[in-house]
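**Q** Taken in sequence, the protein lines are chains Y and F.
Okay, so the first sequence: first residue is 1 according to this note's numbering, each after it adds one.
Okay, so the second sequence: first residue is 1001 according to this note's numbering, each after it adds one.
None of these hints come from the bench; they were simulated from the model.
Accuracy of the hints is not assured; some may be wrong.
[Unchecked claim] With a Cα cut of at most 30 Å, we get these calculated DSS-like pairs of lysine-lysine:
(1) K1116/F - K1095/F
(2) K121/Y - K111/Y
(3) K303/Y - K1076/F
(4) K169/Y - K152/Y
(5) K144/Y - K170/Y
(6) K1077/F - K303/Y
(7) K1077/F - K20/Y
(8) K1076/F - K20/Y
(9) K1095/F - K1076/F
(10) K1116/F - K20/Y
(11) K303/Y - K1121/F
(12) K1195/F - K1150/F
(13) K20/Y - K78/Y
(14) K1116/F - K1077/F
(15) K20/Y - K1121/F
(16) K1195/F - K20/Y
(17) K78/Y - K152/Y
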Amino acid sequence: MARHNLSTVIGFEFGRNLSKPRFWIITLVVPIALMVVFALVLLSNSATSATTDAQKKAHISFSYLDESGVVNDAIAAKFGGTPTSDAAAAIAAVKAGTSQAFFDYPADPAKQPVKVYGQDKDIFSNGVYGSVAQALLQTSAQQKLNSPQLVKLASGGGDAVTVTYRDGKKTAGFNGLIAPMLYLVAFYLLIILLGNQMLASTLEEKENRVTEMILTTINPTSLILGKIISLFALGLVQMAVFALPLVVAYTLFRTQLNIPTLDLSNLSFDPQQMLVGALILIGGFALFTGTLVAIGAIMPTAKDAGPIFGVLMILIFIPFYIVTLVVSDPTAPIVQFFSWFPYSAPVTALLRNAFGSLPLWQGLALGAELLVLAALVLRIAVQLFRYGSISYGSRVSVRNALARRRGVEARPTA
Amino acid sequence: MDFGDTTVIHDLSFDVRRGETFGFLGSNGSGKTTTLRALLGIYRPTAGRLLIDGTPFNPDYANRLGYLPEERGLYKKESVIDVMTYFGRLKGLDKHSAQTWSLQYLERVEIGDKAKTRVDKLSGGQQQKVQLGVTIMNNPELLILDEPTKGFDPVNRRLLMDIIDEQRAAGATVLMVTHQMEEVERLCDRIILLKDGAARAYGTVTEVQEEFGGLTITLDYSGRLPTSDAYTIASQGGGHAVLSVDTGADLAGILRGLMDAGVTVSRFEPRRRSLDDIFVEVYGDEAARGEGSD
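From just these sequences and the hints, can you work out the full model?
**A** Okay, here's the thing in structure tokens:
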């Protein structure tokens, strides 16, 4: 019966939340915003690229004076350039409108700017003079090197592959950071997006005065567990919806959006980090959920519960104020405090786990701490809901609600 | 049962027999709702035991229980059929059976067209019908109704009473908190009167009536009504009086005494005291002060 009821609650809660317009508005805001940004970037990139290409390929007639000796006259001629030795006359010709442009290459173009003079077209088209002047210098320099390899290196090419070792074993570096960091992203998304729903999950029974009907129909533990599981499932739906535009953008518009190729084969999945990360994610989620459900059982309305919810949100962002310390000196007392304090532990520990500074024993101990505390808080939340939520319209005294468990009823507040 | 330093229920012991309709009576604040909540595990008693079928209440019993609490409410943002199906499933029905039962019930109470309407879009009377439907789903063996007619309009009150009658006829045990004494006299096999958290009277309706001094005599007369040790005058005026007499009083002697005193009697109608009278006698002061809630 209990299992049947648990699945019934999950189905009911999941279904009714999915059918709420508010859920979809919140869920779709982020992907729609992402899609708009992607579309703007796409348009902007293609427009910029087209303009740059057009400007580079634009054929103009110009004169130039090269004091550096880098510019190749043959290449310059192809660009439409004619050498000159009289800068003043060339500038005067531009001013008079008899010459389109004049480029004055200094003795050391690496340190000094190339001076470009041209007839005014418009603010965007005027860019063509600078583009042609730079393209001529770049092409001439590459020709001087006479080596594609040197050209690539000179233009900043060439990759460095870093291999690092710890305790004699090769470490994964940045590729090892990505997978465990996803736990942190998941934690934030779950808490931020579903926090309010967790808070309101038991408030609804109270505000609608359904509590007595429910408490005589289903075990409160099954009810609250069912609500939590359905919220977790809703969180997964939201994350899938969020990921959709990213997947579409990467698969279909990667080039246009200048997204670097993601080589998943380089990603490292350290079993220890993944296990500890999962443990802390589940423990942290359960702890925050239990706490929010307990708050919901105490408070008469969602509005009254708001300030306490705000405090919990601050607690999950506080570790980011010391993120550099978390990365550089995980043994610092403040990092240790944030690692072990239950409500800042999930974020701090997940960060440390991703950066590889969370020893296995600490990860397991933290996971155990969170899970044990979550079980305790959930138990209290069930107790508060069971004995406190019939105080319709008024705030429940935690002391009184917990006292009922010992057999002494507190005076009803409503 | 204690609330802080205050003892709300004490020395209370009663039983409800299978298949009977039991009236749980008392003024506001006498402890009726508290007792029911303790029975259903919503409150935990300080001492004593409350058992259903020999065991403490467990939500797994829900498929055999129909409870209409004093504080009523339903999920507001969902459709009627979704809410009823949900409760039906929690009471052990499969989805199809719960839906079928709900639709048939809604047709019966003439709101079949509201099945897909959100609960908060229904009128108060329609919501009462839905609430009642949720209570009696799955034909419960035990119906616990806390002030069932509270807030019901006359049409829904009649419907409710019809449904309670049907459930009784089908063998359900009914435990009912109510202030409607005519309902008690009509429906209840046995009753308990609770005052200040303790039983003031307990038994069949007739036994309780007898316990509270038996009889009243309704009198239409002319002349001067004499005082007597054989009766007390509960009310008089305009040639009409109500006399209270002990059970077993010599009714013929009283009538003869009146006639001997020169009173012309045109109506002399003895009957047991009504529960209404007894209720007023027991709770008159509290009711007038409008004390507390349960």
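**Q** Would you check the hint for K1077/F and K303/Y, treating anything up to 30 Å between C-alpha atoms as holding?
**A** 18 Å, holds
**Q** Check whether the Cα positions of K20/Y and K78/Y lie no farther apart than 30 Å.
**A** 66 Å, violated
**Q** Run the distance test for K1116/F versus K20/Y: straight-line Cα separation, threshold 30 Å.
**A** Roughly 15 Å between the alpha carbons, so the hint for K1116/F and K20/Y holds.
**Q** Quickly compare the C-alpha distance for K121/Y and K111/Y to 30 Å and report which way the hint goes.
**A** 29 Å, holds
**Q** Verify the proposed pairing of K1195/F with K1150/F, using a straight-line Cα cut of 30 Å.
**A** 20 Å, holds
**Q** Decide if the proposed pair is consistent with the structure: K1195/F and K20/Y, CA atoms, cutoff 30 Å inclusive.
**A** Violated - the C-alpha atoms of K20/Y and K1195/F are around 48 Å apart, more than 30 Å.
**Q** Given the hint that K303/Y pairs with K1121/F, test it: the Cα-Cα distance must not exceed 30 Å.
**A** Cα-Cα ~23 Å, so holds.
**Q** Assess, step by step, whether the Cα of K78/Y is no farther than 30 Å from the Cα of K152/Y, and give holds or violated.
**A** 23 Å, holds
**Q** So if I understand the rule, the pair passes when the alpha-carbon distance is 30 Å or less; does K144/Y with K170/Y pass?
**A** It is violated: about 42 Å lies between the C-alpha atoms, which goes past 30 Å.
**Q** Does K20/Y lie within 30 Å of K1077/F when you go C-alpha to C-alpha?
**A** Cα-Cα ~9 Å, so holds.
**Q** K169/Y and K152/Y were given as a pair; does the straight-line alpha-carbon distance stay at or below 30 Å?
**A** 34 Å, violated
**Q** Keeping to a limit of 30 Å between CA atoms, is the pair of K1076/F and K20/Y held or broken?
**A** At roughly 13 Å apart (the allowed maximum being 30 Å), K20/Y and K1076/F satisfy the hint.
Violated hints for the displayed structure, listed by number in ascending order: 4, 5, 13 and 16.
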